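**Student:** Under the working numbering, the first residue of the sequence shown is numbered 810, with each subsequent residue one higher.
Calculated from the structure, these hints are not laboratory results.
Treat each hint with caution, since some may be false.
What the hints assert, rightly or not - Simulated pairs of lysine to aspartate or glutamate, EDC-like, Cα-Cα distance not exceeding 16 Å:
(1) K870 / D971
(2) K870 / E964
(3) K832 / E820
(4) K870 / E837
(5) K813 / E842
(6) K870 / D836
(7) K813 / E988
(8) K870 / E896
(9) K870 / E910
Quantities reported herein were computed from a predicted structural model and do not represent experimental measurements.
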Amino acid sequence: MDAKEFELAQERARNVICAAGIKLTDDEAAHIEVADFGLNRLASEGLELVTYVNNDRYCAKELVIFPGQTCPEHRHPPVGGHPGKQETFRCRSGEVWLYVEGEPAPHIRGRVPDAAKKYYTVFHEIVLRPGEQFTILPDTLHWFQAGTEGAVVSEFSSHSTDENDIFTNPRIRRHAVIEAPCRRS
Numbered sequence: 810m811d812a813k814e815f816e817l818a819q820e821r822a823r824n825v826i827c828a829a830g831i832k833l834t835d836d837e838a839a840h841i842e843v844a845d846f847g848l849n850r851l852a853s854e855g856l857e858l859v860t861y862v863n864n865d866r867y868c869a870k871e872l873v874i875f876p877g878q879t880c881p882e883h884r885h886p887p888v889g890g891h892p893g894k895q896e897t898f899r900c901r902s903g904e905v906w907l908y909v910e911g912e913p914a915p916h917i918r919g920r921v922p923d924a925a926k927k928y929y930t931v932f933h934e935i936v937l938r939p940g941e942q943f944t945i946l947p948d949t950l951h952w953f954q955a956g957t958e959g960a961v962v963s964e965f966s967s968h969s970t971d972e973n974d975i976f977t978n979p980r981i982r983r984h985a986v987i988e989a990p991c992r993r994s
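Please work from the sequences and hints to get the whole structure.
**Tutor:** Put into structure tokens, the structure is as follows:
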């Protein structure tokens with residue numbers, strides 16, 4: 810992802826969070842994480858995050874998902890004697906379609922990104938609207954996508970070790986790499 814795309818995504822995420830009525834500190838607003846998962850397809854597979862706290866006991870984040878944007882399928886495995894991250898998603902604005910292990914829905918609302926169809930394998934659909942929430946148990950395969958208006962989701966979880974997440978797509982890198990702009994001679 811290039812630096813300009815990163816900055817534009819941060820600004821857009823700030824605006825979406827503000828529109829949802831969520832106040833950020835200046836420091837939080839300046840440090841919004843933009844995750845393109847190393848795929849350079851931020852519009853289709855990506856996520857914007859604000860981490861409020863992440864300590865050895867618990868974690869709280871805001872997830873911004875632009876319209877049609879998808880967080881790729883992954884799970885939070887056991888790490889260091891802990892069972893893996895358990896997380897509760899609470900929708901704050903928009904609509905989010907969450908897919909977990911279980912009986913597949915006959916027709917899902919989400920659209921699996923064309924470039925990655927083989928890496929999406931779970932289709933039990935949970936629709937979250939503002940005020941609704943769902944808890945994902947540790948080591949459960951899941952992925953999620955925003956509806957046509959995008960979404961803001963608050964995540965409350967046990968300690969988060971994103972670097973240990975296991976994605977179905979083996980090419981995914983959890984943390985974005987920002988390319989420096991080309992210098993002209």
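**Student:** Now look at each hint and say whether the structure bears it out.
**Tutor:** Against the structure, the hints:
1. K870 / D971: 12 Å, holds
2. K870 / E964: Between K870 and E964 the Cα gap is close to 5 Å, so the pair holds against 16 Å.
3. K832 / E820: 14 Å, holds
4. K870 / E837: 11 Å, holds
5. K813 / E842: Within the cut-off at roughly 14 Å; holds.
6. K870 / D836: 14 Å, holds
7. K813 / E988: 9 Å, holds
8. K870 / E896: Holds: K870 and E896 sit about 10 Å apart, inside 16 Å.
9. K870 / E910: Violated. K870 to E910 sits at ~23 Å, over the 16 Å cutoff.
In summary, the structure is inconsistent with hint 9 from the numbered list given earlier, while agreeing with all the others.
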